[in-house]
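Following the hints, put chain W in place on chain V, whose structure we already have.
As they're listed, the protein sequences go chains V and W.
Going from the first sequence to the working numbering is simple: count from 1 and add 1232.
Going from the second sequence to the working numbering is simple: count from 1 and add 257.
Hints were generated in silico from the structure; no laboratory data involved.
Please read these numbers as outputs of a predicted model, since none were measured by experiment.
For glycine and all other residues, C-beta sits at the position ideal for the given N, C-alpha and C.
Incorrect hints may appear among the rest.
Stated by the list, open to error - Pulled a few chain W residues facing chain V out of the computed Cβ check, cut under 8 Å:
1. N288
2. H302
3. F345
Chain by chain, the residues run as shown.
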Amino acid sequence: GAVVSQHPSWVICKSGTSVKIECRSLDFQATTMFWYRQFPKQSLMLMATSNEGSKATYEQGVEKDKFLINHASLTLSTLTVTSAHPEDSSFYICSARAPGQGYTGELFFGEGSRLTVL
Amino acid sequence: SQQGEEDPQALSIQEGENATMNCSYKTSINNLQWYRQNSGRGLVHLILIRSNEREKHSGRLRVTLDTSKKSSSLLITASRAADTASYFCATYSSNTGKLIFGQGTTLQVKP
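Looking at chain V on its own, in the form it has when it is part of the complex (with noise of 0.2 Å):
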């Protein structure tokens, strides 16, 4: 079946620092892929819309100069967290729509980037 890769699968950063995380779709091209957050215990909360070739679109209250997104292939979408602070610290989980099945269809998620600032 369709695999979304995500990498790193955790990360520890000083405060101030910023922070790549990449999602790949292995077998499949993925022309949209979501980025969600999870804070523990609670729920994924999307952040953005990663389209390719254009600009990821963003979430009410999520601000896009901070969480860098670049959808530069059809397999591989990228956040990046610029200067990170603590208060970023979290599990940052991408996802792709499955191939074949259009929009409504379910999503194949990456195991997910634990981020943890200092």
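What follows is chain W alone, placed relative to chain V:
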């Protein structure tokens, strides 16, 4: 923004028992999906039910949908310790083009 509530927030049962989780949502939907998340991992799609369907089965899973009440339930029969995970409902609305998740139910199945 979250779509709705899931009930209960936490559920603890013995292996072999059935587990029922409920989900309510607020807006009109094209479909409702259930996902499973093991601790610290990504989500895995379990089942999708369309807005014109009332019930769907997949193995030990049974999902119902009541669009008049804007609610859905997930039943896991003959639970196993390996079913221990968080379960999320998610709704897709063509109005928004997004999949929005509920709060989730944490299920613990004791061996």
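* In rising order, the numbers of the hints this structure does not comply with -> No numbers; nothing is violated.
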